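J.: Here is what each chain is made of, one letter per residue.
There are 2 protein chains.
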Amino acid sequence: MQLVLLSGGSGKRLWPLSNNARSKQFLPLLEKEDGTMESMVQRVVRQATEANLTNNITLATNASQLDIITNQLGNKVSVVTEPERRDTFPAIALAASYLKLAKGCANDEVVVIMPCDPYTEFGYFKTIAKMVECVNANVADLVLMGIQPTYPSEKYGYVVPEQEKSSTEYKKVARFTEKPSVDVAKQLLAQSAYWNGGVFAFRLGYMMQIVEKYMPISNGDKTLSFDEVRNRYSEFPKISFDYEVAEKSKSVAVVPFSGQWKDLGTWNTLTDELKQHTIGNAVMGAHCENTHVINELQNPIFVDGLKDVVVAACPDGILVCTKQHSEEIKKAVENLTPRPMYEERRWGTYRVLDDSYYADGRHSLTKSITLKQGKNISYQIHHHRSETWTFVEGEGIFVLDGQEQRVKAGDTVVIPVEHWHAIKAITELTFIEVQSGNPLIEEDIERTEWKWSE
Amino acid sequence: MQLVLLSGGSGKRLWPLSNNARSKQFLPLLEKEDGTMESMVQRVVRQATEANLTNNITLATNASQLDIITNQLGNKVSVVTEPERRDTFPAIALAASYLKLAKGCANDEVVVIMPCDPYTEFGYFKTIAKMVECVNANVADLVLMGIQPTYPSEKYGYVVPEQEKSSTEYKKVARFTEKPSVDVAKQLLAQSAYWNGGVFAFRLGYMMQIVEKYMPISNGDKTLSFDEVRNRYSEFPKISFDYEVAEKSKSVAVVPFSGQWKDLGTWNTLTDELKQHTIGNAVMGAHCENTHVINELQNPIFVDGLKDVVVAACPDGILVCTKQHSEEIKKAVENLTPRPMYEERRWGTYRVLDDSYYADGRHSLTKSITLKQGKNISYQIHHHRSETWTFVEGEGIFVLDGQEQRVKAGDTVVIPVEHWHAIKAITELTFIEVQSGNPLIEEDIERTEWKWSE
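One line per chain: the protein sequences are A and B, in this order.
Reminder that position 169 of the first sequence reads as 169 in this note's numbering, one-by-one numbering, no gaps.
Reminder that position 233 of the second sequence reads as 233 in this note's numbering, one-by-one numbering, no gaps.
One or more of the hints may lead you astray.
Identical copies carry no separate label here, and so any pair may be met within one copy or between two of them.
[Said to hold, decoys possible] Mimicking SDA-like on lysine to any residue, the simulated pairs with C-alpha atoms at most 20 Å apart in a straight line are: (1) Lys186 - Ser225; (2) Lys408 - Ala359; (3) Lys408 - His363; (4) Lys375 - Tyr358.
Don't read these hints as lab results, they were simulated from the structure.
Bear in mind the structure is a predicted one, so any value in this text is a computation, not a measurement.
With the hints as extra help, turn the sequences into a complete structure.
T.: Written out as structure tokens, the structure reads:
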């Protein structure tokens with residue numbers, strides 16, 4: 001079987017820790033049994049592997065998340081990137097095309113689609129295994145997970161099973177209801193309806209038939225390549241998988257799940273699951289109650305006298321908010337951070353230390369940049385800024401205008417405007433970069449490849 | 001007359017904004033009528049000048065505060081620095097010696113001693129003018145200010161006037177009572193006692209007689225110089241002016257003052273006087289009550305849902321505390337900041353951007369340093385660290401091993417270990433300094449003077 005994790009969202013709801021480059025599913029806030037920290041997506045991949053579900057995991061995501069996924073999951077997963085954000089049907093159509101055309105999966109292989117960040121337990125993955133069994137046993141074309149509702153929520157879609165007695169393992173689906181009123185939700189609960197958890201299992205061939213309605217893959221002698229499908233991504237309609245596939249399908253079954261299932265999408269829900277009240281350099285006084293501090297800055301934080309408050313500090317900003325009101329921060333903070341001040345990239349991480357404008361109109365940007373051992377930054381040139389790099393940890397190879405040289409902690413190199421340069425880490429390598437120029441924007445860059453001599 | 005402001009304290013009570021290099025009286029948090037900000041000591045100097053009291057103002061302080069006083073008050077004041085912290089009697093003895101021996105004041109000149117940071121009003125300085133009149137009229141050897149008590153406090157010293165009817169301008173003092181119980185304080189209030197506000201007026205000769213008891217200034221032909229008195233500072237007893245002078249004096253009068261008089265020494269009292277609820281890059285949501293945010297960092301702060309809370313953020317740390325509990329933070333934060341992360345020096349300011357230790361045992365420190373126009377850093381050498389300076393604003397003259405060169409924004413210079421260097425600002429000059437070495441401590445420095453060619 002093939003497991004596809006849908007990784008979407010940018011999300012300001014967990015500001016300042018989440019930003020356009022680091023969605024909530026990548027925040028390293030969940031403590032593992034060994035005391036180390038993992039992100040929501042790392043947790044799901046670990047759980048799927050530990051449940052012996054599969055090692056064939058593909059992340060379907062936006063191109064902007066490729067670097068952080070590579071950084072957090074390395075070669076544990078394949079990655080399919082959408083060229084643009086559309087909706088869940090096109091995203092799943094692209095992932096299916098990838099499995100078929102790039103990975104060469106057979107039409108009768110079972111594919112399971114799920115969100116990349118539910119906060120859930122072992123039984124959830126056991127339920128997925130049952131769904132796979134149902135597809136293999138030809139119970140239905142499409143099998144989905146039904147979450148046992150705990151209250152008549154207006155937020156979820158509902159899956160209504162047929163009322164006849166059937167298997168205890170699964171039920172045939174009669175119909176779907178999207179986000180009902182509380183009164184309707186109460187009626188649905190009386191009919192033993194489930195929440196639609198966004199987990200779907202089907203044979204690859206079933207999905208490819210639907211894909212071909214919009215984009216004929218095989219046309220006589222010619223078969224499209226995956227790259228060709230991806231280039232024509234905008235031809236897929238902007239519609240959800242629920243509307244385009246689930247609600248139109250004549251043959252749908254649901255497998256129920258009733259264990260832990262949460263979306264840690266707000267500070268209120270996330271802090272409920274944190275094992276410690278402080279993460280990072282923080283001290284809590286004796287008069288705090290139900291208060292959490294997460295500090296990714298070097299500056300120490302001291303809190304006291306607070307009740308039901310979350311404090312979150314990182315280069316992008318500092319939040320101090322009662323958990324109740326933290327649900328509303330998305331709009332308030334929309335314009336607070338002009339650019340991400342911390343990013344995980346495929347080669348490592350950077351942190352903005354200083355971003356200053358001066359009376360003479362000049363602008364400077366100072367970053368701490370860390371490359372993982374063996375990783376490199378592409379060969380690049382800037383047209384509007386010079387850079388000074390002072391190496392403070394490790395060893396590497398620096399290229400300037402085609403000349404390689406070894407560099408190590410203590411060395412400084414200067415890269416004038418319009419000079420090609422790259423850097424590769426021999427050991428883990430950290431340097432302080434001072435950018436000077438106008439404008440100082442990430443987009444002032446041209447890239448090519450450098451053929452490293454070692 | 002001569003006005004002497006006593007500037008003491010280091011104070012963690014306003015952590016993180018105050019530290020050993022920046023006591024509470026130097027925090028630029030008070031808004032002037034024109035909307036610009038001033039510190040408590042800047043306010044007192046401005047008020048004394050606006051009240052036409054005097055332009056002869058001397059700050060008596062610890063050597064560690066010399067740089068920040070120069071930065072905030074420039075040549076508006078003279079400065080006397082104690083070689084070590086002792087108590088108020090030695091501090092005032094040293095200031096009197098300075099006025100007599102260095103400034104050449106006459107024995108009959110009136111000297112007024114006051115704290116450097118009361119939060120008070122015009123009438124306070126008018127009261128000082130009355131005290132000066134009393135000394136000039138030979139009402140008493142020592143005239144002090146009596147603050148009209150508002151409640152039977154245990155925190156203050158009390159001045160008990162003689163009960164006979166006397167002038168409305170002043171009263172003769174019968175006795176002093178230090179920090180009484182509440183019951184005793186109530187009795188003192190019934191006797192029309194005043195709080196001792198620590199403001200004293202006397203003729204310079206009166207004080208010098210007492211100084212000479214401990215250190216004969218004139219001995220036959222020879223008169224000590226001020227530097228000689230300062231070098232022998234440890235010979236003065238560690239005792240307060242109240243015990244050594246006020247309580248022993250046979251001739252003391254008190255001039256009452258009943259206007260605004262506050263010590264803004266805790267977040268609780270200080271925030272009461274702030275005109276704005278946010279200072280710096282901060283946004284307050286709609287559900288806050290009696291909450292103040294002071295942000296000296298670049299990172300934006302968003303707060304919501306808070307009641308009676310102070311948030312203060314600067315390079316030294318971040319405080320989030322109910323105002324009630326902010327009175328107790330001194331002990332809690334004692335070990336939170338290993339070194340000041342922001343300092344005002346006589347030549348300008350610096351801010352620590354990053355202070356990191358790496359797996360290979362190396363340490364790096366990155367600072368943003370700004371020199372005021374025309375100011376310079378002394379010619380210096382480090383034995384354990386190299387430095388890279390990247391200039392990001394302005395123009396200056398850089399010296400390395402005796403060679404001067406002009407530098408400007410965009411330039412980088414490297415200073416290897418054991419090389420003499422200095423920098424002078426032609427215009428306001430900012431550079432990013434990356435220190436690398438072991439150990440990285442401020443004390444790894446030798447200084448001398450450089451004779452600038454321009």
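J.: Now tell me, hint by hint, if it's right for this structure.
T.: Hint check results:
Within a single copy, Lys186 and Ser225 get their C-alpha atoms no closer than 48 Å, and across copies no closer than 93 Å, so neither meets the 20 Å cut-off. In this assembly of identical chains, the alpha carbons of Lys408 and Ala359 lie at most 20 Å apart only when taken from different copies (14 Å versus 35 Å within one copy). Only between protomers do Lys408 and His363 lie at most 20 Å apart by alpha-carbon distance; the minimum there is 14 Å, versus 28 Å within a single protomer. In this assembly of identical chains, the alpha carbons of Lys375 and Tyr358 lie at most 20 Å apart only when taken from different copies (18 Å versus 35 Å within one copy).
Checked against the numbered hints given earlier, this structure breaks only hint 1.
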